[in-house]
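Chains as they are written, first to last, in the working numbering: chain B, 330 to 601; chain A, 73 to 331.
Because the hints were derived from the structure by calculation, they are not lab data.
Computed from a predicted model, the values in this text were never measured in an experiment.
Don't take every hint at face value.
Covered stretches of chain A, as calculated for chain B (at least 3 residues, CB under 8 Å) [stated by the list, open to error]:
{"id": "1", "region": "161 to 172"}
{"id": "2", "region": "176 to 183"}
With a straight-line Cα cutoff of 27 Å, these simulated BS3-like cross-link-like pairs (lysine-lysine) come out [said to hold, decoys possible]:
{"id": "3", "chain 1": "A", "residue 1": "Lys74", "chain 2": "B", "residue 2": "Lys427"}
{"id": "4", "chain 1": "A", "residue 1": "Lys116", "chain 2": "A", "residue 2": "Lys226"}
{"id": "5", "chain 1": "A", "residue 1": "Lys226", "chain 2": "B", "residue 2": "Lys375"}
Note that beta-carbon positions come from the ideal geometry of N, C-alpha and C, so glycine has one too.
Listed below, chain by chain, are the residues.
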Amino acid sequence: MTKIGIIIDNYHLNSKVAEFLKYLKTISEIRLYIEESYLFSSEDVKCDEDIFFVKAKGPLILSLVKHIEELTSIPVINSYKAICLAINRFLNSTYLRKAGIPVPDFSLNPEGISPPFEDYIIKNIVDQKNYKFKPIIKKHHNHLMVADERALNEVNGTKEQYKYKYYQKFIKSEWEYKLYGIGEEVYYYKQKPVLINPNKLETRQEIPENSELKEYCLKAMEIMNLKITSLDFHKSNENEFFLTDINSTPNFNYIKDGHKVVADFLIDYAKK
Amino acid sequence: MKIGILSKRTNMFTGKITQFYEQSGHTVSVFTLENLVINEELLKNDFYILKSKGLFFLYAGFFLDENNVKVLPDPYTSFMQKHRIHSHYLLRRTGLLTPDFYMASLETFRNQLVLSDFPLIIKPIMGSGNRGVKKINSIDDLDSDNNEILYMEKFITGEHYNVYFIADQICTLVKPPLANEHVEMEMITTPNDILRIIKKWRNYLGEKALFGHLDIVREEKTNSLFVVDLGSFPEFSNWKCEVSPVEKICNLILNHVVK
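Chain B with its partners taken away, still in its complex shape (with noise of 0.2 Å):
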C-alpha cells in the first residue's frame, strides 16, 4: 500500500480535508505531520513515505519540507520552491512576467511614495497565514483604489513587519477566471470578482476549455514546480488575460469530485 505523508496545519486538517483523508485512507497508509505540534529536529527526521503532500505553507512546514528535498528523493507536493514562490505575490509576479505570462504591472514601494499607476490594488507580499481577502475600496477622482486589510496590517498594524506596500495594477474585469492545475488536467471555471460579489461561489459557473488560459496555466505550473495549483485572471476591455493569483494550497473541495481526482493523483505520482 502506497505510504503518504500529509504535511498540514491545524486549520486546513479541521477545515479543509475531511473527505479528501477519508477517501485516501481507503486506498493508502496515511502518516500526519502537524505544524502546531510536530517538533522538527534537523538530525532526526525519519520518513519512509513514498510522496508527500502539503496542506499549509507556515515556517515550520517549509522547513520539514526543505529538508526532505535536500536529504531524500522522496517526492513532495508542492515542492518548497514552488510554496515559497506561490506564497510571494512580488516573486512570482517577477519570475511568471520573466516567462512570459501576463501578470499585471507591479510594483514594491516603501511607505509614502506613489505607485506608477493610478487604479491599483495593494495586498500583503507573503500570503502565509490562513486567513481571508478583506477589501477596503477607495474611489478618487475615477481612480480605484483597493487595499487588502492584511497588507495594511503588515505595514501600519500593532505587528508592524516591515515600510513596504506591494501595488498592483488593478485590471477591471467583468469575470475572475478561475483554473485548478491537478497534474496535467486543467480545470475552468469562472466567478463575479469578490468586489463585485463578496460570496464567490453565488456566481461561480463551470466554462469551456480556455486554450489561452490552459497555456499559461501550464506554463506557470512549470516554471514554479506547481503540481496542484489554482490561479486567478482577470480580462481585461482590450480581452487580454492577467494572471492575478496563483495558490500551492488549493481548496480543491470546489471540483467536483476534487478530494478523490488529488488522492488518485498522488498516488499515480507515487508509483511513477
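Assemble the complex: chain B is given as a structure, and chain A must be docked to it using the hints.
The following block gives chain A in isolation, referenced to the frame of chain B:
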C-alpha cells in the same frame, strides 16, 4: 559606469565604497529603505552592489537578476546565507559542520524537549549577526507569550572565531560568544583547520563568494569546528590584515562585472 548600491545606510562601508567609485569616475546611487522602489525604474543602472541582506534589498536583487542586471554579491547566495534553514543545508552540502536545529511551537517544545537537549540558542529564521539571538538554558527562558514557530540551534560550547576573507586574504579574530562583528577582537594566525574550512567554502561557492565572513566555534569537547553564522558582505570593522578592504573589494567587484 552607473552603479547602484543596495544598503540600509549611506555611511560606514557603503560610504567608503561610494567615495572610492566616485573618485574613480563612476556614478553611484545608494538605495536605502527610504528610497528603494522596486520596479522597472531600477533597471537604469549598469550593475548593483548588494551591501545589505535585508529582505527588500534581496527582493531588489532578485528582481534585477531576473531582468539581467548584474548584482554582486549574488542575491540568491546572499539569501541562503541570511536564511538559517537554507544556510544549514548549504553548509551541509559544502561538507562543513553546522549545529543541528529544532523548530516547533512553544507548546510543543514545552511538551517534547527534555533537560538534556539544552542549552540551545534561539535565533530568528531570517537573520545574521547577534540580533534576536539568545542562549536558552531551559524552557522557562523562552517568552511565554510567543505563539509563533520558534527556531533553536544546539549551543556549541567553545572558542568563537570571526573569520573574514577577501579573495585569498584571510583575517581570523577571536570573538566573545554571541557578540556582533563590531566588538574589539584579537587577531590570531589562522589555524590550518580554519584555512581548510575557508578554502572549502570558497571552492564550493566559486565566484559567488568573492569575499565574506564565517563565524566559527571550536567545540571544547571534540575540537571540531562548527560554522554558526555566515555573512556575504560584512562591514569588515575588525579587519586587521594588510590590504585595504575597501579598495580590494571595489576592484574585485569591478573586475568581476567587466569580465
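Results of checking the hints against the structure:
no.: 1; hint: 161 to 172; in the structure: holds (count 4)
no.: 2; hint: 176 to 183; in the structure: holds (count 5)
no.: 3; hint: A:Lys74 with B:Lys427; in the structure: holds (24 Å)
no.: 4; hint: A:Lys116 with A:Lys226; in the structure: violated (45 Å)
no.: 5; hint: A:Lys226 with B:Lys375; in the structure: holds (19 Å)
The structure fails to meet hint 4 from the earlier list, while all remaining hints are met.
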